[in-house]
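My request is simple: use the sequences and hints to build the entire structure.
Protein chains in written order, with our numbering: chain A, 1 to 237; chain B, 1 to 237; chain C, 1 to 237; chain D, 1 to 237; chain E, 1 to 237; chain F, 1 to 237.
For the record, the hints were derived by calculation from the structure and aren't laboratory data. Check the hints yourself; a few may be wrong.
[Claimed, not checked] Label pairs and their calculated CB-CB ranges:
| no. | chain 1 | residue 1 | chain 2 | residue 2 | range |
| --- | --- | --- | --- | --- | --- |
| 1 | C | Gln55 | F | Gln28 | 27 to 37 Å |
| 2 | D | Thr54 | B | Val232 | 48 to 58 Å |
| 3 | E | Gly165 | A | Gly144 | 30 to 40 Å |
| 4 | B | Gln55 | D | Asp91 | 48 to 58 Å |
| 5 | C | Ala48 | F | Asn47 | 40 to 50 Å |
| 6 | B | Arg219 | A | Asp94 | 35 to 45 Å |
| 7 | C | Ala58 | F | Ala216 | 52 to 62 Å |
| 8 | E | Asp57 | F | Asp91 | 29 to 39 Å |
| 9 | B | Ala145 | D | Pro189 | 28 to 38 Å |
In this text, a Cβ means the ideal position worked out from N, Cα and C, and glycines have one as well.
Protein chains: 6
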Amino acid sequence: MSSSMLVVTAHVGDFVWRCGGAMALHAQRGVDVHLVCLSYGENGESNAAWKGDTQRDAVKAQRRAEAEAAAQILGVASLDFHDLGDYPLPDSADSVRRISDTLRRTKASVVLTHPEHDPSNLDHCRTFEMALRARMQAMAPGHGADFVVPPQVLCFEPHQTELCGFKPNVLLDITDVWERKWQAMQAMPTQSNLWAYYERVALQRGAQAGRRGKTAGTRYGEAYQSIFPAVVSALME
Amino acid sequence: MSSSMLVVTAHVGDFVWRCGGAMALHAQRGVDVHLVCLSYGENGESNAAWKGDTQRDAVKAQRRAEAEAAAQILGVASLDFHDLGDYPLPDSADSVRRISDTLRRTKASVVLTHPEHDPSNLDHCRTFEMALRARMQAMAPGHGADFVVPPQVLCFEPHQTELCGFKPNVLLDITDVWERKWQAMQAMPTQSNLWAYYERVALQRGAQAGRRGKTAGTRYGEAYQSIFPAVVSALME
Amino acid sequence: MSSSMLVVTAHVGDFVWRCGGAMALHAQRGVDVHLVCLSYGENGESNAAWKGDTQRDAVKAQRRAEAEAAAQILGVASLDFHDLGDYPLPDSADSVRRISDTLRRTKASVVLTHPEHDPSNLDHCRTFEMALRARMQAMAPGHGADFVVPPQVLCFEPHQTELCGFKPNVLLDITDVWERKWQAMQAMPTQSNLWAYYERVALQRGAQAGRRGKTAGTRYGEAYQSIFPAVVSALME
Amino acid sequence: MSSSMLVVTAHVGDFVWRCGGAMALHAQRGVDVHLVCLSYGENGESNAAWKGDTQRDAVKAQRRAEAEAAAQILGVASLDFHDLGDYPLPDSADSVRRISDTLRRTKASVVLTHPEHDPSNLDHCRTFEMALRARMQAMAPGHGADFVVPPQVLCFEPHQTELCGFKPNVLLDITDVWERKWQAMQAMPTQSNLWAYYERVALQRGAQAGRRGKTAGTRYGEAYQSIFPAVVSALME
Amino acid sequence: MSSSMLVVTAHVGDFVWRCGGAMALHAQRGVDVHLVCLSYGENGESNAAWKGDTQRDAVKAQRRAEAEAAAQILGVASLDFHDLGDYPLPDSADSVRRISDTLRRTKASVVLTHPEHDPSNLDHCRTFEMALRARMQAMAPGHGADFVVPPQVLCFEPHQTELCGFKPNVLLDITDVWERKWQAMQAMPTQSNLWAYYERVALQRGAQAGRRGKTAGTRYGEAYQSIFPAVVSALME
Amino acid sequence: MSSSMLVVTAHVGDFVWRCGGAMALHAQRGVDVHLVCLSYGENGESNAAWKGDTQRDAVKAQRRAEAEAAAQILGVASLDFHDLGDYPLPDSADSVRRISDTLRRTKASVVLTHPEHDPSNLDHCRTFEMALRARMQAMAPGHGADFVVPPQVLCFEPHQTELCGFKPNVLLDITDVWERKWQAMQAMPTQSNLWAYYERVALQRGAQAGRRGKTAGTRYGEAYQSIFPAVVSALME
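What follows is the structure, encoded as structure tokens:
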């Protein structure tokens with residue numbers, strides 16, 4: 001049985017804000033959580049790092065270190081930086097193959113990535129498209145006998161949901177691991193401008209989940225949209 | 001903990017074709033499955049029953065008997081006929097209140113009903129709207145202290161999915177109870193013209209589920225679209 | 001074989017601007033074109049008629065006379081005024097039954113009516129909904145043995161297409177009957193403010209059709225959106 | 001020139017959470033802000049008020065007092081309670097006429113109301129539909145010579161935006177009147193459970209607006225979706 | 001007058017399952033049916049062919065032979081393999097030019113291809129996009145004086161219609177050529193796992209078409225979605 | 001404060017038909033209007049220029065001269081031809097960088113470009129996508145300290161709005177500059193076949209705007225769809 005999850009993001013920061021709770025929650029339960037960051041987000045999502053005559057390499061090194069620290073806090077099993085550059089993130093057949101190889105090796109049964117549309121950030125759309133292409137490549141016998149059962153794809157929350165046509169159909173209760181997610185967020189001081197914003201996102205999703213939850217304790221949440229129908233053996237838990 | 005499910009349909013036949021598998025499956029596991037049929041479908045969905053000088057009451061009695069037989073096969077706990085008439089089904093505040101009362105009494109955590117849109121069958125849209133209104137009424141403290149936690153609403157498959165904008169995000173494996181569903185279908189000879197059609201629907205949904213399923217045995221399925229985000233404590237089973 | 005068409009509009013003017021070409025074209029070819037106007041449009045679409053102390057009955061009589069004149073020019077076979085009032089047009093089960101009876105009597109194989117959505121004119125949405133309900137009622141054996149094969153429904157063009165989510169998939173060449181449509185428009189002097197507007201609509205649809213047409217002569221057109229899939233025996237003419 | 005705005009809500013609380021900032025902002029600038037509450041929200045949105053043997057009239061009186069206090073803080077010019085009841089809110093032709101009369105009297109150039117869709121709260125959809133019907137009635141010469149230029153309709157933010165298909169295209173900077181909105185929120189202790197939630201909504205909208213704003217001071221915002229195209233004389237401010 | 005049709009598919013199998021009926025039907029009536037397969041589907045849609053140490057060339061040769069046999073059964077006039085590889089299918093400007101040249105040479109008035117969206121199979125989306133680009137190239141005078149009248153584009157049915165947002169507006173009765181389509185399907189033993197699935201698809205579409213058809217004999221069908229409005233000279237057949 | 005606007009089009013003709021009014025209007029008020037044409041439209045939108053043995057360079061020179069003349073009439077501040085070729089327009093990272101540099105240099109607060117979807121003209125979709133990518137590149141600190149506040153993007157009207165899913169939310173009154181737009185149109189004799197078509201478009205948009213406008217003088221208009229929410233300080237003008 002699979003006990004592995006793959007997260008694919010455009011920039012180093014995305015996994016913390018958007019699915020850090022899911023990562024910590026599943027890692028804590030013994031799931032191997034693998035992470036692929038297609039770029040360091042050095043151009044467009046490291047504003048605070050560009051001061052005076054800062055060099056590109058220094059910015060990338062700083063963001064890499066932050067990502068490694070946050071990933072460790074969340075319990076990530078493996079971390080792969082593709083270093084494709086960003087704003088814009090280029091398409092890359094090599095990268096698609098590398099994600100595909102990761103899928104074949106990890107047998108992940110679920111992939112977390114960006115939603116399909118985002119007019120304010122085409123890097124996110126590109127990542128979604130590359131992740132889906134990698135999924136195809138991983139399930140094709142012609143690319144090797146280690147082909148996989150096609151995993152579910154869950155899109156995590158973008159910065160402005162309505163702008164992206166994001167329609168979450170899953171609310172995950174992350175109350176138990178909130179402290180860990182909060183620590184991971186703080187391990188990314190270059191984007192400290194997002195701390196309060198994503199704390200509020202977690203509280204809103206927690207409030208929405210709490211209204212229909214079975215326990216009174218839900219305070220923090222994360223929202224996801226599934227791309228493929230879930231195959232289930234019951235309609236009630 | 002809730003162990004109850006409510007099914008609300010426009011006509012007597014709908015529950016068998018569209019969610020008979022889910023009903024049998026959950027009943028078999030000890031869930032109380034309650035059924036509300038807003039009409040007998042006597043006008044528009046009993047074509048074979050109208051012969052020569054058949055009277056309306058005879059058609060209604062015949063359809064009622066069929067529904068009772070099918071419901072028994074599926075293991076239904078309670079069955080309520082509202083007898084509103086069909087083609088078209090009228091709006092009814094009384095009926096909304098009666099569904100609301102059923103929700104308060106049964107504490108169902110999930111409601112199965114028709115999807116929101118269907119240009120070929122407005123009775124289905126009306127039923128969806130009445131079920132959602134009943135859900136509101138059931139959760140309002142001002143209508144009595146026995147108000148409920150708002151249940152999930154799952155829409156079952158219409159006759160022509162694309163015409164209705166139906167987008168299933170859940171595929172239920174009903175292989176284990178297929179025989180029972182098939183028997184219930186045959187308990188409705190007035191609509192024998194639909195037997196083969198809905199057997200094929202079940203096989204198609206089974207094939208789609210089987211591609212991504214964990215076991216090799218999936219042969220029959222049913223498709224559902226959730227209206228509200230599911231509140232979950234994990235993203236993998 | 002059916003050789004009958006039914007047009008259902010909210011106000012008396014609608015049929016001229018929106019499907020006058022189709023009516024003239026089919027009437028000329030021997031199709032019986034039946035027309036139902038649910039209101040005289042006396043409140044909201046007869047602005048020029050309300051002067052000084054004009055009485056409601058006078059306005060209605062004037063609009064009725066205009067509609068009769070235009071219908072005659074277009075070759076209408078029967079004309080039925082329901083006189084429900086407008087702005088807003090009320091729902092009416094009686095009216096639905098009356099449209100249903102017209103369908104049973106005429107055996108129309110196609111119904112032309114307003115599109116489903118129009119935030120600026122809810123009378124149009126109401127008419128669409130009533131026409132679809134009447135279609136159901138007409139096809140139900142329980143309402144009489146003269147039930148019909150369900151007709152296609154084609155929505156004609158609203159005033160602001162994008163506002164209404166109108167997506168035409170049929171462009172009808174009305175060049176041959178344009179003169180007749182233009183005469184019918186001029187038979188409605190109360191809405192002379194719309195003459196130039198709908199002449200331009202016809203020219204735009206003609207230009208769009210002409211780009212992909214087989215003959216060079218297309219100058220005027222009308223746009224339609226089908227609600228149900230067309231059942232065809234070939235994909236090319 | 002019009003200097004009047006009309007707000008139409010389903011329940012007494014809605015105007016505070018959803019458009020209290022816009023109300024305070026425009027009132028402060030001399031616009032007459034008129035408010036219509038179709039119900040007191042006594043059944044479904046006054047949970048904290050139903051204790052022991054509380055009577056319906058007491059709950060309604062309490063909510064009315066809260067609404068009057070909040071409206072005064074925001075600078076409302078007139079306040080009209082239709083007392084239709086809620087959960088569910090019934091359709092009412094009388095109420096539509098009354099809103100229409102308010103539009104004719106106030107000559108409001110903009111109407112703020114709920115968005116069209118909300119499966120969790122059909123009272124909101126009903127209100128949207130009644131407001132649009134009232135707009136039609138108000139612009140029809142046949143209902144009186146005081147007919148109006150059709151106002152813009154702006155939908156304010158629902159509780160769960162993605163569930164409602166809410167797509168805001170306007171972000172209003174309410175930083176200057178935030179204190180006033182916050183006071184109005186606190187004047188509604190029956191729904192104190194929503195205070196923190198809607199403070200966070202305002203901060204999120206403020207952050208989104210601030211990213212593209214011209215000044216650095218934007219901290220609080222409100223989101224709106226326009227139903228009709230805006231008629232403008234320039235594309236830049 | 002054009003009497004030619006062009007089919008463009010991603011993989012060799014697609015034309016049989018998705019539009020084999022239309023191909024046989026039109027070929028039988030004297031239309032020249034041209035077929036372009038962008039890849040052999042060797043990687044992702046030839047699972048049964050990959051056994052032990054099978055070589056890629058052998059798989060491709062096997063699928064090519066199957067496609068040629070099936071095409072012959074359906075009466076195809078020309079068959080062009082672009083051999084681009086699959087899972088994923090790469091973009092190719094050369095291939096677009098080659099399709100464009102085929103369009104100019106054949107003067108096809110209709111193109112059958114995959115629908116625009118399919119998250120489970122991006123090769124299908126790529127093919128749609130390349131076919132539309134080729135259509136542009138074929139209609140541009142700057143690419144040669146043999147430019148064409150822009151053909152209609154009809155999308156055939158994907159594996160999971162709702163997942164792809166497929167909304168068919170045309171149902172083609174293929175009862176007369178079903179035996180031929182069934183033979184063509186059996187000429188593709190590598191994908192024998194799809195035989196029963198697509199037989200059921202044909203039966204479902206036949207049943208849907210039969211409900212509104214003019215004759216009682218409709219048993220098998222195919223569904224299509226048109227991209228461009230159809231230009232017609234009548235609204236009834 | 002920004003007083004600059006950027007227009008990005010696929011072909012040389014687009015700016016005249018689609019946003020010539022906006023360009024003239026803002027230029028007349030002192031806004032610097034910058035124009036980028038990604039191709040000369042020599043292949044697909046210069047039909048009248050291809051006669052006998054005309055050479056490509058001659059067609060391009062002719063279209064360039066027309067564009068320069070039209071741009072001068074409209075008061076354009078700068079004009080940049082990227083000469084990428086058309087039908088199809090290729091993707092180009094260089095071009096994206098060049099647009100990005102233009103944005104950084106001009107500090108445009110609004111970008112006018114094609115809408116996202118157009119199945120009949122993929123060059124338009126490509127241009128939209130490249131403009132959005134350039135916007136990202138322009139706002140990224142890692143590409144230079146002269147990064148910009150992200151501009152609004154407004155899509156202008158395509159040839160067939162419904163085919164493109166174009167939903168305008170802004171109607172611009174261009175009555176005051178209509179004569180200038182008309183002159184610019186006539187400066188493009190190669191596309192004289194579009195003169196009457198786009199005169200009618202302007203009249204239809206003018207009529208739509210006039211219905212809700214504040215003055216009686218609106219005769220001509222242009223329609224736009226905003227991609228990002230507008231950040232405003234009031235909901236009424």
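Right, here's what the structure says about each hint:
| no. | hint | result |
| --- | --- | --- |
| 1 | C:Gln55 <-> F:Gln28: 27 to 37 Å | violated, 50 Å |
| 2 | D:Thr54 <-> B:Val232: 48 to 58 Å | violated, 36 Å |
| 3 | E:Gly165 <-> A:Gly144: 30 to 40 Å | holds, 32 Å |
| 4 | B:Gln55 <-> D:Asp91: 48 to 58 Å | violated, 35 Å |
| 5 | C:Ala48 <-> F:Asn47: 40 to 50 Å | holds, 44 Å |
| 6 | B:Arg219 <-> A:Asp94: 35 to 45 Å | holds, 40 Å |
| 7 | C:Ala58 <-> F:Ala216: 52 to 62 Å | violated, 28 Å |
| 8 | E:Asp57 <-> F:Asp91: 29 to 39 Å | holds, 32 Å |
| 9 | B:Ala145 <-> D:Pro189: 28 to 38 Å | violated, 21 Å |
Of the numbered hints given earlier, the model fails hints 1, 2, 4, 7, 9; all others are met.
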